[in-house]
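S.K.: With the sequences and hints as input, model every part of the structure.
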Amino acid sequence: PERREGEDEEVNVWEDNWDDETHESEFSKQLKEELAKSGHQIA
Amino acid sequence: IDNSGTLYNEFLMADKVAYNYFLGRKAMFDADLNLAEKSLLYAFRNCPAESMSNKRKILIYLIPVKMFLGHMPTFALLHEYRLDEFQEVVAAVKEGNLAQLDAALANNEAFFIKSGIFLMLEKLRMITFRTLFKKVSTIVGTAQIPLDAFQTALRVVGVTDVDTDELECIIANLIASKKIKGYLSHGHGKLVIAKTNAFPTLSGISAT
Chain A
-8 PERREGEDEE VNVWEDNWDD ETHESEFSKQ LKEELAKSGH QIA
Chain V
17 IDNSGTLYNE FLMADKVAYN YFLGRKAMFD ADLNLAEKSL LYAFRNCPAE SMSNKRKILI
77 YLIPVKMFLG HMPTFALLHE YRLDEFQEVV AAVKEGNLAQ LDAALANNEA FFIKSGIFLM
137 LEKLRMITFR TLFKKVSTIV GTAQIPLDAF QTALRVVGVT DVDTDELECI IANLIASKKI
197 KGYLSHGHGK LVIAKTNAFP TLSGISAT
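Quick mapping for you: the protein sequence lines, in order, are chains A and V. Quick note: the first sequence, position 9, residue 0 per the working numbering, numbers continuous. With positions in the second sequence counted from 1, the corresponding number in the working numbering is that position plus 16.
If you are wondering where the hints come from, they were derived from the structure by calculation, not from laboratory data. Please read these numbers as outputs of a predicted model, since none were measured by experiment. There are no misleading hints in this set.
Taking lysine-lysine pairs in the DSSO-like style, the calculated list, with each CA pair at most 27 Å apart, reads:
id: 1; chain 1: V; residue 1: Lys150; chain 2: V; residue 2: Lys197
id: 2; chain 1: A; residue 1: Lys28; chain 2: V; residue 2: Lys110
id: 3; chain 1: A; residue 1: Lys23; chain 2: V; residue 2: Lys194
id: 4; chain 1: A; residue 1: Lys23; chain 2: V; residue 2: Lys206
Label-pair distances were calculated between CB atoms; the ranges are:
id: 5; chain 1: V; residue 1: Gly132; chain 2: A; residue 2: Ile33; range: 40 to 46 Å
id: 6; chain 1: A; residue 1: His14; chain 2: V; residue 2: Glu26; range: 49 to 55 Å
id: 7; chain 1: V; residue 1: Asp18; chain 2: A; residue 2: His14; range: 43 to 49 Å
id: 8; chain 1: V; residue 1: Lys42; chain 2: A; residue 2: Glu17; range: 39 to 45 Å
The beta carbon of each residue, even a glycine, is placed where N, CA and C say it ideally should be.
M.R.: Here it is as structure tokens:
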């Protein structure tokens, strides 16, 4: 028997919303500091 | 096999899984990501759970395809199938950290070359650029972003060999592939982005 989409127990193994910036990572902080240091406008 | 009509239904599931696995691999190298995803997902889903090593082989191709389409594998999945080599790559792409991506590819080069996906993974740089630039735009917070700001960001991630022409080329490619909504103002040295949703989610772009 063929297994259809969503039938598998592993539906949650792919992440789509990794892109939202609800939390600021260390890397983001570093990026912000460097941009500020270079005289760029910071929101 | 595609033209076998109803006869296809008579095939053994094991043969259908094998067929879709190879069809998916071929589609991946032909850059037909949607067909690659469909075929490899079919193979992965219908491959019996007890065939861990076969499911793992399918995942080695399915993971890069999924990543291009904006779906990142969870760490739990990678760990379950002993594919921890991907962890660092996934983390780097999600962060937009090109230095980390290059290091991750270098650290696991032998494994990725053996698996035949090294060149495929190298193409993830484009998505990584997009996410880095998205972060810059969020930090700067205006619709007109000086190209200098992107250069600063590239220096942070250790990319020092990209001059302004090349940067404009990268951005132009991102715009052409609909990963950025906006236009380059060459004269002003700026990227002007759309007021809303200038960096659409990757999974949203590939779905249309």
